[in-house]
Structure formats: C-alpha cells, structure tokens
Amino acid sequence: MNKGEGLRLYRTLTLIRRAEEAIRLHYGEDDMKTPVHLSIGQEAIPVGVCHVLPEGSPMFGTYRNHALYLALTEDTDRFFAELHGKEAGMGRGKAGSMHLCEPSRGLLATSAVVGTTIPLAVGAALAQAYRHLRQPVAVFFGDGAAEEGVFWESLNFACQRSLNLLFVCEDNGLAIHAPAADRRGFSSITQAVGGFRCCTATADGSDLSAIIEATRALYRDMEADKQPGLLHVSYFRFLEHVGIGEDFFTGYRQAPSDQERRERDPLIRFSSHLLSLGYHPAELRAIDVEVDDQICRSIGRARSADYPTAEALYEDLWV
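Heads up: the sequence shown begins at 1 in this note's numbering, then just goes up one per residue.
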C-alpha cells in the first residue's frame with residue numbers, strides 16, 4: 001500500500017463514519033424521512049472489497065447499505081438529500097435509506113427485504129457470462145440471508161454455471177436480536193459452502209488491510225479456477241438493528257468494554273495501522289476536517305433543497 005492509497009482508504013472510512021455520526025446527531029430533528037440501519041463497525045467491508053474489484057463492477061447490497069453506497073460514490077450531497085426526502089436525492093426522495101443505488105458507479109440495487117438482491121446478482125453475473133465478460137459481480141448480504149433458500153439456490157446455480165460472482169457475507173452474528181446458535185443447523189458458513197464448487201475466504205471485519213488481502217487472494221482464485229467465491233467477514237454491530245441508539249440495555253447481548261470497542265472499531269484500527277507505518281497525525285486530522293466540512297455542507301444543501309412535487313410520485317414507475 002503506497003501512501004496515497006492509504007490516505008484515500010482512510011478518507012473513505014472516515015467519510016462513512018462521520019456521515020453516520022451526523023445522522024445520529026440530527027435524526028431527532030425529524031427532517032430525515034426514512035428509517036436508518038447504520039453501518040458503524042461494518043465500514044471496512046465494502047471499502048475493502050470495492051478497493052480490490054475493478055471499477056464499475058456490478059454490485060448489489062442490503063438495507064444496511066450506507067457504507068457500500070458511500071464507498072462507491074463518496075457523494076454525500078445526493079446521500080443526505082435522499083435521507084431528507086428531497087428531489088435532489090439519489091432516488092428523488094422516494095428511495096430512502098434502504099434502497100440506495102448508483103448504476104453509474106456499479107451499484108445496481110439494494111433492498112429492504114432480506115436476501116432479495118442475491119438472485120439479482122446471479123442474473124447480472126449470468127448476463128456477464130453471456131456477453132463473455134469476465135468483470136466480476138459482487139453481492140453483499142447479512143448472515144441471516146444465508147439461512148434463506150434463495151441463497152443456496154443462487155449459490156448452486158452460480159457454481160453450476162461457473163459464474164464470476166463474489167458472495168460477500170457481512171456476518172454480525174445477529175438476525176436482529178437472534179444469535180446464530182439459535183437459528184442455524186450448521187456452525188460455519190464457509191464449511192457449509194465447502195461442498196460446492198466455490199472458492200472461499202474469511203476475514204476480520206474490523207481489519208481493513210486483512211479484508212483487502214483476503215479479497216485479492218479470493219479474486220485471484222476465482223479467476224484461476226473459473227468459479228464463484230464466498231468472502232465471509234465477521235464484524236461487530238455497534239448500534240441497534242434499526243435506529244441511531246445502542247441497545248445493550250435490552251440484555252440480549254453484552255456491551256463491549258472500552259478495550260473491546262477499540263479492537264473492533266475498523267476506523268481506530270486502520271488509523272493506528274497508518275500511524276505505525278509512519279503517517280503523520282496531522283495528515284489524518286486534515287482529512288477529518290475536510291470530511292466534516294463536506295458533510296456539513298451536504299446536510300445544509302439537503303435541508304434547503306425542494307421536496308418532490310406530488311406529480312413526481314407517479315414518475316419513474318414500471319408496471
């Protein structure tokens with residue numbers, strides 16, 4: 001990793017984190033007209049994967065999609081305008097937090113319904129194969145989606161057709177509040193997938209460098225073996241399933257200690273890594289200031305932007 005690359009990765013991580021911290025700060029003002037599923041703790045996964053895959057690769061995500069959208073676009077203007085329900089938003093204020101997309105950057109769809117973008121990604125990968133294109137397709141999904149039939153059907157089809165499709169399982173060990181042990185008849189997703197003609201890799205979701213390394217190695221294996229791949233990445237969800245608060249008081253999981261928080265925080269870990277490589281703290285602080293200014297300006301623009309007209313409700317529809 002050269003110096004410029006490290007600073008760009010730090011900026012993207014910081015942009016995602018500060019954007020979501022801004023959501024937490026302002027959400028109670030009731031100007032954002034959408035439920036939010038925040039990505040704090042998860043940011044390094046899409047940042048790492050998107051850094052490795054070729055630019056413009058088709059991507060599909062989940063309702064917890066802020067990190068993926070910002071990793072691909074870094075466009076906080078359209079992001080915050082969408083959360084505020086404004087015409088200037090990515091979906092003209094009609095998509096909300098759970099349906100962010102940006103086809104021009106490769107993000108073709110995200111969805112509020114668990115597992116539903118997995119077969120869409122298979123279709124995109126099949127289209128690539130028909131066109132004799134080796135550009136990979138990636139689909140991000142949570143560990144709960146790995147218990148849906150559509151995941152296994154999609155995996156089987158992708159393996160049978162040798163599709164250039166990367167399945168990225170973002171595993172926080174929880175389906176809302178239910179731990180994996182209460183939901184699964186298998187102990188390891190990668191072991192369960194091991195019987196398929198599919199390359200596999202695992203990584204720690206709090207370690208951006210490890211995610212990049214694992215994704216690169218897996219992508220090489222996929223290219224060499226002409227098989228799909230599964231990247232299983234575990235991470236810690238710092239906040240409640242939906243909303244802006246913590247939920248440790250409910251008793252279904254323990255609050256981490258301060259030390260555990262630092263160890264599980266991808267931004268803290270990556271900034272510490274850069275400092276250990278000789279990056280100067282002032283370089284990182286300058287990025288922090290720049291990002292904060294960008295987000296502040298974007299929120300201001302979102303607040304002053306126009307709402308869509310009543311007629312716009314009937315536009316952009318397909319029947």
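There's no promise every hint is true.
As the list claims (entries may be wrong) - Have a look at the derived ranges for each label pair, beta carbon to beta carbon:
1. Arg261 x Arg184: 43 to 53 Å
2. Glu246 x Tyr314: 38 to 48 Å
3. Val242 x His273: 50 to 60 Å
4. Ser257 x Asn156: 11 to 21 Å
5. Gly245 x Pro179: 13 to 23 Å
6. Arg134 x Asp258: 22 to 32 Å
7. Ala310 x Asp258: 34 to 44 Å
8. Gly195 x Ser257: 37 to 47 Å
9. Asp221 x Ala129: 11 to 21 Å
10. Gln135 x Gly173: 26 to 36 Å
11. Arg197 x Gly245: 42 to 52 Å
Quick caveat, the hints were computed from the structure, so don't treat them as lab data. Source: prediction; values computed, not measured. A virtual CB, placed ideally from N, CA and C, is assigned to each residue, including glycine.
Open item on the list: For a quick check of understanding: which of the numbered hints are violated here, in increasing order?
Closed with: 1, 3, 4, 6, 7
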